[in-house]
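Protein chains in written order, with numbering that gives the first Met the number 0: chain A, 0 to 294; chain B, 0 to 558; chain C, 0 to 312.
The set of hints was computed from the structure by calculation and includes no laboratory data.
Treat the hints loosely; a few may be bogus.
Which residues of chain B face chain C? A partial, calculated answer using Cβ under 7 Å [stated by the list, open to error]: (1) I22; (2) K23; (3) I35; (4) E94; (5) E96; (6) G99; (7) R104; (8) G108; (9) I472; (10) F479; (11) T481.
Values in this document were obtained by computation on a predicted structure and should not be read as measured data.
A virtual CB, placed ideally from N, CA and C, is assigned to each residue, including glycine.
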Amino acid sequence: MKYAYYPGCAAEAIMKEADETTRQVARILGIELIDMKNATCCGAGCLDEANLELSYVINARIFAIAESMGLNSIMTICSTCLQTMTKINQELQSDPELLERVNKVLRKTGTEYRGNVQMTHLLWVLVKDYGLDKVKKHVKRPLNMLNVAAFYGCHTLRPAEILGYEDPRNPKSLDLLIKALGGKTVDYRGKTRCCGFHTLLVNERASLKAGGKRLQEAKDKGADCMVTPCPLCDVSLDVYQSEAEKLYQKKTQLPVFNLSQLIALALGVDVSDLSFRKHLVSPKKIISAVIAAEG
Amino acid sequence: MVTHDLIIVGAGLAGMRAAIEAIKTPDLNVAIISKIHPVRSHSGAAQGGINAALGNAAEDSIESHTFDTIKGSDYLGDQDAIEIMCQDAPGDIYELERMGTIFSRDKNGRIAQRPFGGAAQPRACYAADRTGHAILHLLYEQLMKGGVMVYEEWHVIKLVVEDGTARGVVAINLLSGKLHRIRAKAVIFATGGYGRVFHNSTNAHANTGDGMALAYRAGAPLMDMEFVQFHPTTLKSTGILISEAARGEGGYLLNSEGERFMKKYAPNALELASRDVVSRSEQSEIEEGRGIDGCVHLDIRHLGRDKILKLLPQIRDLSITFEGVDPIDEPIPIRPGAHYSMGGIKASVDGMTSIKGFFAAGECACVSVHGANRLGGNSLLEAVVFGRRVGAAAAKFAEEAELADWSESALKDAAAEIASLLNRIEGEPYPKIRQDLQKMMIQYVGVYRDREKLETARVKVSELKARYENVSIQDLGDVFNTDLLGALEVGNLLDLAEAIVEGALNREESRGAHSRTDFTERDDENWMKHTMAYKAEEGVKLDYSNVTKTKYEPTIRKY
Amino acid sequence: MRKKILIRRFDPETVDESFLQAFNVDLPQNATILDALIKIKEEQDGTISFRKSCRSAICGSCAVTVNGVAVLACNSQFKSISWVEGDVIIEPLGNLPVLKDLIVRFYPFWHEVEKTMPWLEPKEEIGEKENIVSAEDVAIIDESANCIMCGCCFGDCTIRETDDNFMGPAALAKAWRFVGDTRDAIKTERLELLSKACNAWDCTRCNLCIDRCPKGVRPLDQIVRIRQEAMKAGIKDNKGARHALAFQSDIKNHGKLNETTMPLKTVGIIRSLGMIPMALRMQMKGKVPFPIQKDIEGIKEVKKIYKIMEVDE
């Protein structure tokens, strides 16, 4: 199994741990990830607001890089990259005139997108392509003491007609993955709702309150921790958790893991390699419990 | 007590159009009362189009529109009123467009027009298959723009008339349960139809003919109530409307043998004969054993996916959601269903009724522009044209009239009526009475009628009315008492049913939508006249009036 | 089929707290949520209160929340509510004050709609006939014209849930219906209004409105259209526009986003200072990357794209 690997800007900077642990997980599971060294930011749904045509060209260039690597599948670990790129890719693939217009620009920079790339996400790769039964075989530290709140967020689910992998009102993939890792799942209102990230810099208060609400909803249903498939959700839910607590005047202190961190933990990666110290809400107690159970 | 110059009851197309016209009168204090929010009104469910001889799709004329409407009415429509409506139609459509209605467009960027039943030319202007919705929301926009006061979710329970003059209404504010007197110099009713008298109906739950019943009780005559339009294409399991546009765009009606049976009944117009003709044909096919599970098929597959998605998106959604059938792949099972009330409160071309200061417009009024059968695309038109005219006329009346006082008894009577309902501990719940009425009416006063059926219906209505004397409700609270509202609505349906049955029983001929198997021919000599139903001490008192003819002589009606 | 249904009850006249009441009801296979509510009201408990009218998904009266999802009761068949596992729970629409049982006050919803000046301001008088508008120009506002104002999008809107001043998706979709209408005379004025705080740029793009809309209005797509038109109209002096432009310039200059300078570009220097304590905490945790990032390898090509496309900043 081989993918062009597109971690996205957040996982290359503020959420570096998501990228690092993804690479470890891929190594253990035998999934080959090839770096896309020349790739730019996808624009995250913001570039198209500033300049729609430019966003087509910028993304077509990224897809063209994958093609030039001889790969037709790009795996990302960011939900927003997934949604942005899938949407633009579908438009390029379904509108030959648009694709030609875009390629006219790209050809002048010495490249071209032929329209043969598909987008996917680590979560989908594991559930769809790799298989959870196979993941299970690699589990060294089953997470059976943990009640894990799966936080799907928005951009792996909606809009369904663009992403189309699972029922956006009743998704299963992340819960199944948690179970495959030996964990218990928590059902709560907020699991398909929004962390608020995309308005953090525009309407900070509303954004923080959205994230805080998701944390409270999970905590109220007995979650020990939360897991997200997206580094942007991680930022909202972990990095800004204390700010949300201030707004609500209510402590949640719910540790939030990136998907790849949680998998790496279950697959037995050395805890010191999981960057848990970078979390703003310390997952120390949870990690200790998992390690203790490992014996 | 609240006071306005002009009160408009009902906020569908006719009511809102009237308000928008009335506020053009400087300093006139206008308010709308509606039991549901304006955009929830049933005008929004009209799908296929609104007629006007614009001539955008083919050469057309006002004369042709007028003739088609008169012929469609089976010569019962008043020709002077029809001439006005057809004459005004293009101007009103252009005005709606300039206010902002989003019509579908032809390749020249003009308002697109499609063929409709009973029309010689493609005359129905449309917004895909959501024409009523497009105009309803447009008018609400204009209402907001004009800052018209709306008593939203207030239910009128009494039209107050003293000394032969309308003084205002008594209404319940559903949100609080409080009764209010609303005094006005002029009152317009634009309260819609009574489709919910029947079990198989395209109409909304709200369409209980409240305004007609209140006017009837206040002494205004109801005209031509026996003429109930059964729409030919309503979904088999729910009665939800499938627009005539489906046939206008080229859809076929098929029986169990896969035959386009309309060629037997209307060899020229086929599926685009007028609605009464098509509904009867379907009913005959079904009764003669060529139906499919009590229905026939509407087949639009040959139009192709693109055309269906572009021109008939809503009916595709409705078919999928409510019938489980995608019309791109399968024919739609349909049957006739009660759809429109040709009859209503007798009103002049300016909406004036027999009560001074009381006006009526839209489906609740009978002008009469539809006579014995309405053509598709003429109901939205009537609401818009006469909404405007009546708005102007009522505004003028209110401007010149003096505000009169009314006696205390009006409110007291209404309050006592409500209190008796709320205080009745034992009694029969209203839903059963309503269901029995609806099933009875479709069985005995449906597409085909005869003396025996109608006499049975007469007996049954009076039994139901007796049961209603003892009606009870469970919700005794003040705030948003939908139980109380439901019981009041059933009372309205019963009064209207009585007028429908009496009119139908007495009219010994077949004309338009009134089809008697014991009197199968139209009888111009004896029955070229309008029925007037007055509320009497006991039951209904009938009277008749002449049909206004200008230059169109009745001839045999064939499609 | 026999269904157990839990309905959230609230009677402002007798109780202070809402509660769930269970009903068992026999229904035909293709029954809808509205069918169930009517049957329960008419046969079991007449006090249950809800709005209804057309029962064919055009009047917008009957929006409720079914197991956490805002839907029209009339077009939600039991067999189609795929997200419900176990008992069906029917509650009032979210983000609006409850009046009684499933009936909410709609006033706040309409208040937001009215703020957008939701009517056409026609250009100067044309001839006696209709305006000439191409089918393509109609198509661009076609989705937003489908709106029935049922409030499903509003009831589940992420930002409305946390900010009472946010207009919500329906009002913004309605706003687009006029911004995108070639017959309207005050497009720029509208875009300026919509670019202000708590309007078009505050949406967090969660896509819930697109998921919830029963009529294919796709409110978020219309919000994005408003943003794009506002940018084209040069209305850029606001946080949302600056945020979008920061992406455009970061990609050009480095290929990647510079998360360290993004807040500065978006919210400005003064507000950024307020973020310093937060930034320090992140710094201590090793979260903040070095502010001067390495450019991507192909940055020359990217700059060339900007040059060819004459992207001005």
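Against the structure, the hints:
1. The beta carbon of B/I22 is not positioned within 7 Å of any beta carbon in chain C (closest approach about 14 Å), and the interface hint is therefore violated.
2. With its C-beta approaching chain C no nearer than about 16 Å, B/K23 sits outside the 7 Å limit, and its interface hint is violated.
3. A hinted interface residue such as B/I35 counts as satisfied when its beta carbon comes closer than 7 Å to some beta carbon of chain C; here the least separation is about 6 Å, so the hint holds.
4. Interface hint status for B/E94: violated, as the beta-carbon distance to the closest one in chain C is roughly 9 Å, over 7 Å.
5. Using the Cβ-Cβ criterion of 7 Å, the hint placing B/E96 at the interface with chain C is satisfied: the shortest such distance is roughly 4 Å.
6. A least Cβ separation of about 3 Å between B/G99 and chain C falls short of the 7 Å threshold, and the interface hint therefore holds.
7. Hint on B/R104 holds. Least Cβ distance to chain C is approximately 5 Å, under the 7 Å limit.
8. The criterion of a C-beta within 7 Å of any C-beta in chain C is met by B/G108, whose closest approach is roughly 4 Å, and the hint holds.
9. Of the supplied interface hints, the one on B/I472 holds, with its beta-carbon coming within about 6 Å of a beta-carbon of chain C, less than 7 Å.
10. Interface restraint check: B/F479 against chain C, minimum CB-CB distance 5 Å, threshold 7 Å, status holds.
11. For B/T481, the suggested interface contact is upheld, since its CB lies about 5 Å from the closest CB of chain C, less than 7 Å.
Checked against the numbered hints above, the structure breaks hints 1, 2, 4 and satisfies the rest.
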